[in-house]
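Participant: Just need the whole structure built from these sequences, with the hints factored in.
Residue numbers (my numbering), protein chains in the order written: chain A, 1 to 272; chain B, 1 to 272; chain C, 1 to 272; chain D, 1 to 272.
No lab work stands behind these hints: they were computed from the structure.
Don't take each hint at face value.
Pairs count within a copy or across copies, as identical chains cannot be separated in the list.
What the hints assert, rightly or not - In silico lysine to aspartate or glutamate, DMTMM-like type, Cα no more than 20 Å apart, as pairs:
#	residue 1	residue 2
1	K67	E42
2	K67	D256
3	K67	E10
4	K67	E95
5	K144	D256
6	K268	E35
7	K144	D122
8	K268	E77
9	K67	D8
10	K268	D196
11	K268	D32
Number of protein chains: 4
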Amino acid sequence: MLIRLGYDIEFSLPNPVAVVALLNVHPSRVPDLREPDELRVEPSLAIQNYLDHFGNRCARFLAPQGKIRLYNSTLIEDSGVPDPIQSDARQLAVEELPSDVLVYLINSRYCEVDRLSNVATDLFGSTQPGWSRVRTITDWVYNKVEFGYHHARATRTALDVYTERVGVCRDFQHLAITFCRCMNIPARYATGYLGDIGVPVSPSPMDFSAWFEVYLDGRWWTMDARHNTPRIGRVLMATGRDAADVAITTSFGRADLTRFSVVTDEVKSATV
Amino acid sequence: MLIRLGYDIEFSLPNPVAVVALLNVHPSRVPDLREPDELRVEPSLAIQNYLDHFGNRCARFLAPQGKIRLYNSTLIEDSGVPDPIQSDARQLAVEELPSDVLVYLINSRYCEVDRLSNVATDLFGSTQPGWSRVRTITDWVYNKVEFGYHHARATRTALDVYTERVGVCRDFQHLAITFCRCMNIPARYATGYLGDIGVPVSPSPMDFSAWFEVYLDGRWWTMDARHNTPRIGRVLMATGRDAADVAITTSFGRADLTRFSVVTDEVKSATV
Amino acid sequence: MLIRLGYDIEFSLPNPVAVVALLNVHPSRVPDLREPDELRVEPSLAIQNYLDHFGNRCARFLAPQGKIRLYNSTLIEDSGVPDPIQSDARQLAVEELPSDVLVYLINSRYCEVDRLSNVATDLFGSTQPGWSRVRTITDWVYNKVEFGYHHARATRTALDVYTERVGVCRDFQHLAITFCRCMNIPARYATGYLGDIGVPVSPSPMDFSAWFEVYLDGRWWTMDARHNTPRIGRVLMATGRDAADVAITTSFGRADLTRFSVVTDEVKSATV
Amino acid sequence: MLIRLGYDIEFSLPNPVAVVALLNVHPSRVPDLREPDELRVEPSLAIQNYLDHFGNRCARFLAPQGKIRLYNSTLIEDSGVPDPIQSDARQLAVEELPSDVLVYLINSRYCEVDRLSNVATDLFGSTQPGWSRVRTITDWVYNKVEFGYHHARATRTALDVYTERVGVCRDFQHLAITFCRCMNIPARYATGYLGDIGVPVSPSPMDFSAWFEVYLDGRWWTMDARHNTPRIGRVLMATGRDAADVAITTSFGRADLTRFSVVTDEVKSATV
Numbered sequence: 001m002l003i004r005l006g007y008d009i010e011f012s013l014p015n016p017v018a019v020v021a022l023l024n025v026h027p028s029r030v031p032d033l034r035e036p037d038e039l040r041v042e043p044s045l046a047i048q049n050y051l052d053h054f055g056n057r058c059a060r061f062l063a064p065q066g067k068i069r070l071y072n073s074t075l076i077e078d079s080g081v082p083d084p085i086q087s088d089a090r091q092l093a094v095e096e097l098p099s100d101v102l103v104y105l106i107n108s109r110y111c112e113v114d115r116l117s118n119v120a121t122d123l124f125g126s127t128q129p130g131w132s133r134v135r136t137i138t139d140w141v142y143n144k145v146e147f148g149y150h151h152a153r154a155t156r157t158a159l160d161v162y163t164e165r166v167g168v169c170r171d172f173q174h175l176a177i178t179f180c181r182c183m184n185i186p187a188r189y190a191t192g193y194l195g196d197i198g199v200p201v202s203p204s205p206m207d208f209s210a211w212f213e214v215y216l217d218g219r220w221w222t223m224d225a226r227h228n229t230p231r232i233g234r235v236l237m238a239t240g241r242d243a244a245d246v247a248i249t250t251s252f253g254r255a256d257l258t259r260f261s262v263v264t265d266e267v268k269s270a271t272v
Numbered sequence: 001m002l003i004r005l006g007y008d009i010e011f012s013l014p015n016p017v018a019v020v021a022l023l024n025v026h027p028s029r030v031p032d033l034r035e036p037d038e039l040r041v042e043p044s045l046a047i048q049n050y051l052d053h054f055g056n057r058c059a060r061f062l063a064p065q066g067k068i069r070l071y072n073s074t075l076i077e078d079s080g081v082p083d084p085i086q087s088d089a090r091q092l093a094v095e096e097l098p099s100d101v102l103v104y105l106i107n108s109r110y111c112e113v114d115r116l117s118n119v120a121t122d123l124f125g126s127t128q129p130g131w132s133r134v135r136t137i138t139d140w141v142y143n144k145v146e147f148g149y150h151h152a153r154a155t156r157t158a159l160d161v162y163t164e165r166v167g168v169c170r171d172f173q174h175l176a177i178t179f180c181r182c183m184n185i186p187a188r189y190a191t192g193y194l195g196d197i198g199v200p201v202s203p204s205p206m207d208f209s210a211w212f213e214v215y216l217d218g219r220w221w222t223m224d225a226r227h228n229t230p231r232i233g234r235v236l237m238a239t240g241r242d243a244a245d246v247a248i249t250t251s252f253g254r255a256d257l258t259r260f261s262v263v264t265d266e267v268k269s270a271t272v
Numbered sequence: 001m002l003i004r005l006g007y008d009i010e011f012s013l014p015n016p017v018a019v020v021a022l023l024n025v026h027p028s029r030v031p032d033l034r035e036p037d038e039l040r041v042e043p044s045l046a047i048q049n050y051l052d053h054f055g056n057r058c059a060r061f062l063a064p065q066g067k068i069r070l071y072n073s074t075l076i077e078d079s080g081v082p083d084p085i086q087s088d089a090r091q092l093a094v095e096e097l098p099s100d101v102l103v104y105l106i107n108s109r110y111c112e113v114d115r116l117s118n119v120a121t122d123l124f125g126s127t128q129p130g131w132s133r134v135r136t137i138t139d140w141v142y143n144k145v146e147f148g149y150h151h152a153r154a155t156r157t158a159l160d161v162y163t164e165r166v167g168v169c170r171d172f173q174h175l176a177i178t179f180c181r182c183m184n185i186p187a188r189y190a191t192g193y194l195g196d197i198g199v200p201v202s203p204s205p206m207d208f209s210a211w212f213e214v215y216l217d218g219r220w221w222t223m224d225a226r227h228n229t230p231r232i233g234r235v236l237m238a239t240g241r242d243a244a245d246v247a248i249t250t251s252f253g254r255a256d257l258t259r260f261s262v263v264t265d266e267v268k269s270a271t272v
Numbered sequence: 001m002l003i004r005l006g007y008d009i010e011f012s013l014p015n016p017v018a019v020v021a022l023l024n025v026h027p028s029r030v031p032d033l034r035e036p037d038e039l040r041v042e043p044s045l046a047i048q049n050y051l052d053h054f055g056n057r058c059a060r061f062l063a064p065q066g067k068i069r070l071y072n073s074t075l076i077e078d079s080g081v082p083d084p085i086q087s088d089a090r091q092l093a094v095e096e097l098p099s100d101v102l103v104y105l106i107n108s109r110y111c112e113v114d115r116l117s118n119v120a121t122d123l124f125g126s127t128q129p130g131w132s133r134v135r136t137i138t139d140w141v142y143n144k145v146e147f148g149y150h151h152a153r154a155t156r157t158a159l160d161v162y163t164e165r166v167g168v169c170r171d172f173q174h175l176a177i178t179f180c181r182c183m184n185i186p187a188r189y190a191t192g193y194l195g196d197i198g199v200p201v202s203p204s205p206m207d208f209s210a211w212f213e214v215y216l217d218g219r220w221w222t223m224d225a226r227h228n229t230p231r232i233g234r235v236l237m238a239t240g241r242d243a244a245d246v247a248i249t250t251s252f253g254r255a256d257l258t259r260f261s262v263v264t265d266e267v268k269s270a271t272v
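Facilitator: This is how it looks when you write it as C-alpha cells:
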C-alpha cells in the first residue's frame with residue numbers, strides 16, 4: 001500500500017525565533033519512503049538536521065520575523081497490516097528489561113507515575129500481567145475518557161485526565177502510559193500520521209495523531225487508547241517519554257499558528 | 001586535595017525488587033579517582049553496570065527479600081578550587097546552542113516550564129542576559145525559599161516551591177532550573193558529594209547534595225541555589241533533566257530505608 | 001434609568017434532577033424593581049424560594065426528565081451612575097472588621113489564599129494599603145490576564161489563572177479576590193447583569209457577568225478586574241466567597257445546556 | 001460521665017496580629033457544661049465573642065507583640081454513649097434536603113467535588129444509598145490512607161489525599177467528605193475534643209481531633225474516617241465546610257507556635 005503524506009503549516013512571528021521541528025518520518029520508516037522526505041520552508045532558510053536522545057529526526061532553524069510556512073509531501077510504502085495483536089506477550093520483570101528501556105518506567109512531565117501509582121494499583125493490581133494488563137488499561141482509558149477537540153489544553157497531565165475524563169488523543173495516551181509505568185510496564189509516547197484507511201466513518205479533519213508503545217516480550221508494541229482498535233497506516237514520526245519530548249514544533253518565543261493542514265491518504269498505484 | 005568519599009545505605013525489602021543505583025562518581029571524574037569506585041552490595045549480587053541516556057554510570061541488580069546493604073569507600077583527587085565565576089559568560093541564542101543541549105530547555109517532571117513561563121518573564125524578563133541573569137535567578141531562589149529537612153516532599157514541583165517557598169536542596173535547584181529554562185538558558189540537575197570543606201559552620205549531617213548547571217558561553221557552569229556561594233569539593237555523580245532522572249536509588253517495588261550515611265571528608269596526605 | 005432584564009435558558013435532562021437557581025436580583029435591589037421578578041419554568045413546577053447563608057435569593061425545584069426552560073423578564077430602575085471611586089478609602093485593620101466580614105479573608109475553593117500568599121506579598125507588599133492597593137491589584141490582573149471565551153474551564157483556580165494568564169470574567173475576579181485576601185482586604189465574588197450601557201464598542205453577546213467587591217472604610221465597593229473601568233448598569237444577583245457559592249444554576253445530576261440567552265438593555269421611558 | 005477539657009497554647013508574635021480562635025465548645029454542648037468555658041488569654045486582652053455563619057462560637061482579639069498564651073480548663077457532662085449506628089438511615093434525595101444543608105454538597109477549599117466526582121462514581125456508584133454507602137466510603141478511606149503526624153501539610157486537599165494516601169486526621173475526613181458530597185450526601189467537617197475513653201491503647205499525645213458529619217434521614221450523624229469505629233467522649237467545638245472554615249486559631253499575620261497541649265480526660269466524680 002502506498003500512502004501520500006504531507007503537511008502545510010504556517011506561523012506568524014512577531015520576532016525572529018528559533019524553532020525545532022519533528023516533521024520527518026522516523027528513521028525506522030526511512031527505508032519505506034518512495035519520495036524524498038525533506039522539510040521545506042518558505043522563506044528559504046538554513047536548516048540543521050540532527051537526531052535527538054530518543055533517535056528522532058529533528059530539524060532546527062532560526063525563523064525570521066513575519067510569516068513562515070513549513071510544508072512537505074512525500075510517499076511511503078506501508079504493509080497495510082493492522083497493528084499486531086499478541087495476546088500472550090509476556091510482561092518482563094524489571095530486572096529482565098534492557099537498560100535503555102528503564103527510562104520509560106519513571107516519571108515524566110505529563111506522566112506523574114508518583115501521583116498515580118496508588119490509583120493504578122487499585123484499578124489494575126489484580127489483573128494478569130502482560131498483554132492482558134495493557135489491554136485492560138487501554139480499555140479503561142478508552143471507556144472512561146471522552147474525546148473532544150474543544151477539550152485540548154497544553155498543560156493537562158495524566159492526573160488531570162484521570163480526574164476530568166476528557167481530552168484529545170495525547171491525553172488518552174498520557175493516562176494509559178502512566179498506568180502502564182505504574183505497573184512496571186515500559187511505555188512511551190508516539191506521534192505520527194494516522195489516516196482513516198479501513199475506517200468506515202471518518203468524522204474529523206486529518207491531523208497528526210498520538211498513540212503509545214509498550215515493551216513486552218522483548219519488543220515494542222503499538223497501542224492506542226484513543227481509538228482502541230487495530231489500525232492500518234500508522235506512519236511513525238517520533239517517540240519519547242511524553243508529549244513534552246516530541247512536540248511537532250517547538251518555538252522558543254512567540255509563534256501564532258495561522259494555517260495547519262495534514263494529508264495522509266492511501267494512493268492507488270495508477271495515480272501516484 | 002584528596003577527598004575520602006563513601007556511603008553506607010541499607011534497605012529492608014518485603015519482596016525481591018529490581019533496583020537501579022546511581023552511586024558512582026560521574027565518568028568525568030573517573031580520571032581523578034585514587035582508589036576503585038565500585039558499589040559493594042551485601043548480600044553479594046550480580047550487578048550490571050551501564051551508562052544511561054545522560055551519560056551517568058548506573059548499576060542495576062535484583063535485590064532479594066530481606067536486608068540489603070549498599071556501601072563503598074573511595075578516594076578522589078580534587079582541585080580544591082571553588083566553583084568558577086565568569087561574570088561575562090554570554091547567553092547563547094537558542095539557535096547557537098548545540099542540539100544535544102536543547103532538551104535542557106523544555107518541560108520535565110519537576111520543572112514545569114509551561115506553568116512558570118509567565119512568572120519568570122515578570123521576574124527576570126528585564127534582567128541582563130547571561131551570567132548576570134542566572135545570578136539574579138539564583139539569588140531570588142536563595143533569598144525567597146526557606147531550607148528545612150522537615151519540608152522534604154517527593155512530589156514537590158518547581159511550581160510548588162514557588163508557592164510554598166520551603167524545601168530541601170533539590171527544591172531550590174528545581175525552581176532555579178525552571179526559571180533559567182523559561183528564560184531560554186539551558187539548565188540541568190546535578191547530584192553528588194558536597195562536604196563542608198572551607199565552610200566555617202557545618203550544621204547538618206553529611207548527605208548527598210543537589211546543585212545545578214547552566215549552559216553559557218559554550219560550556220556548563222556549576223550553580224547552587226541552595227548555598228548560593230562558590231564551594232570547594234563538589235564531586236559530581238550524575239546529571240539529568242531533574243531529580244526524576246537521577247534518583248540515587250530507584251526501587252521498582254517497596255523498599256524501606258533503614259540506614260543512610262554519607263562520608264565526604266578532606267584527607268591530609270599523611271593519613272591516606 | 002430603566003433597564004430591561006431577562007434570560008431564557010434551556011436544559012435537556014436525561015433523568016429528573018434537583019436544581020438550585022440564583023436567577024433573581026439580589027434582595028438589595030428588590031426596591032428598584034418596577035415589574036415582578038419571578039423565575040418562570042416550563043413545564044410548570046413547584047418552586048421553593050429561600051435565602052442562602054450569604055443572603056442571596058435562591059430557587060430550588062425538581063426538574064423532570066426532558067426539556068426544561070427557565071426564563072424571565074423584568075424591569076429595574078437604576079441610578080445610571082458609574083461604579084463609585086473613593087481614592088482615599090481606608091483599609092481597616094483586621095481587628096476593626098465586622099465579624100461577619102472575616103470569612104472573606106480566608107481560603108475558598110477557587111481562591112487559594114494559602115498558595116498565593118507569598119506571591120501577593122512579593123507583588124503588592126510594598127504598595128499603599130487601602131483603595132490604592134486594590135487598584136494596583138486590579139490593574140495587575142487586568143493587564144496580565146488575557147480574556148477569551150475559549151479559555152473557559154470550570155475547575156480553574158486563582159493559582160491557575162496566575163500561571164496561565166488566560167480566562168473568562170470569573171477567572172479575573174478570582175485572582176484579584178485572592179490577592180486582596182492575601183493582603184488582608186476582605187473580598188467577595190459577585191454575579192449579576194452587566195450590559196453595555198455607556199460602552200462605545202460592545203463586541204460580545206449579552207451574558208451574565210462576574211465582578212467582585214472589597215470591604216474598605218466600613219462598606220463594600222464594586223471592583224471589576226475584567227473590565228477595569230467604572231461601569232453603568234450593574235444589577236447584582238448574588239455574592240459569595242467565589243464562584244462555587246453563586247453558580248447561576250447548580251444541577252445535582254446531568255443537565256445539558258441547550259439554550260442560553262440574557263437580556264440587559266436600557267429602556268427609554270416611552271418604550272417600556 | 002464527666003470529662004475534664006482544656007488546652008494550653010502559646011504563640012510568639014514578632015508583631016501585633018489579629019487572631020480568631022474557635023476554642024469554645026459548640027453551642028449545642030453548652031447545656032452540658034459544669035464549669036464556665038471561657039478562653040483565657042495572657043496577657044489580658046479585650047476579647048470579642050461572636051457566632052460565625054455556621055453557628056460556631058468564635059473569639060477574636062488583637063494580640064500584642066511577644067508571647068501570648070491561650071488556655072482554659074472546663075468540665076463537661078457526657079452521655080458516655082458511643083457514636084450512634086443507624087444502619088437503615090435513608091439517603092434523602094437532594095430535593096428533600098433542607099435548604100441550609102445544600103451548601104454541604106458543593107465544592108469547598110479542601111474538598112474538590114468537581115475534581116473527584118468521576119472517581120467517586122467509579123468507586124461508590126453501585127453501592128446502596130444511605131448509611132451503607134457512607135460506611136463503604138469511610139471504610140475505603142480508613143483502609144487506603146496511612147496515618148502519620150509527619151505527613152501533616154496545610155495545603156493538602158482531598159485530591160492530594162486520594163493520590164498520596166497519607167495524612168493526619170483532617171486529611172481522612174476531607175477525602176471522605178468529598179466522596180460523600182460527590183454522591184449527593186451532605187457532609188461537613190467537625191473539630192473537637194476526642195480523648196481515649198474506652199480505647200485499649202492510646203499511643204499519641206492528646207490533641208484536638210477532626211471528624212465529620214453526614215446528613216441522612218433528616219439529621220446529622222457523626223462519622224470518623226480516621227478511627228472508623230464508634231467512640232465515646234467526643235466534644236464538638238465547631239462544624240464547617242472543611243478545615244478552612246474551622247481552624248482552631250487563625251492569625252492574620254505571623255505567629256509561631258511555641259507550646260501546644262490539650263487535655264480531655266474522664267473524671268471520676270469523687271475527684272472533680
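Participant: Now tell me, hint by hint, if it's right for this structure.
Facilitator: Okay, the hints, checked on the actual structure:
1. K67 / E42: Result: close within a single copy only, 8 Å intra versus 53 Å inter.
2. K67 / D256: The answer is within: 9 Å in one copy meets 20 Å, while 41 Å across copies does not.
3. K67 / E10: Result: close within a single copy only, 7 Å intra versus 44 Å inter.
4. K67 / E95: Answer is between; shortest inter-copy Cα gap is 18 Å, intra-copy 51 Å.
5. K144 / D256: Between copies only: 19 Å across chains, 33 Å inside a chain, cut-off 20 Å.
6. K268 / E35: Close inside one copy (16 Å), not across copies (67 Å); limit 20 Å.
7. K144 / D122: both (16 Å within a copy, 10 Å between copies)
8. K268 / E77: Classified as within: same-chain Cα gap 11 Å, cross-chain 68 Å, threshold 20 Å.
9. K67 / D8: Intra 13 Å, inter 44 Å, cutoff 20 Å: intra-copy only.
10. K268 / D196: within (15 Å within a copy, 58 Å between copies)
11. K268 / D32: The answer is within: 16 Å in one copy meets 20 Å, while 64 Å across copies does not.
In the structure shown, no violation is registered for any of the earlier numbered hints.
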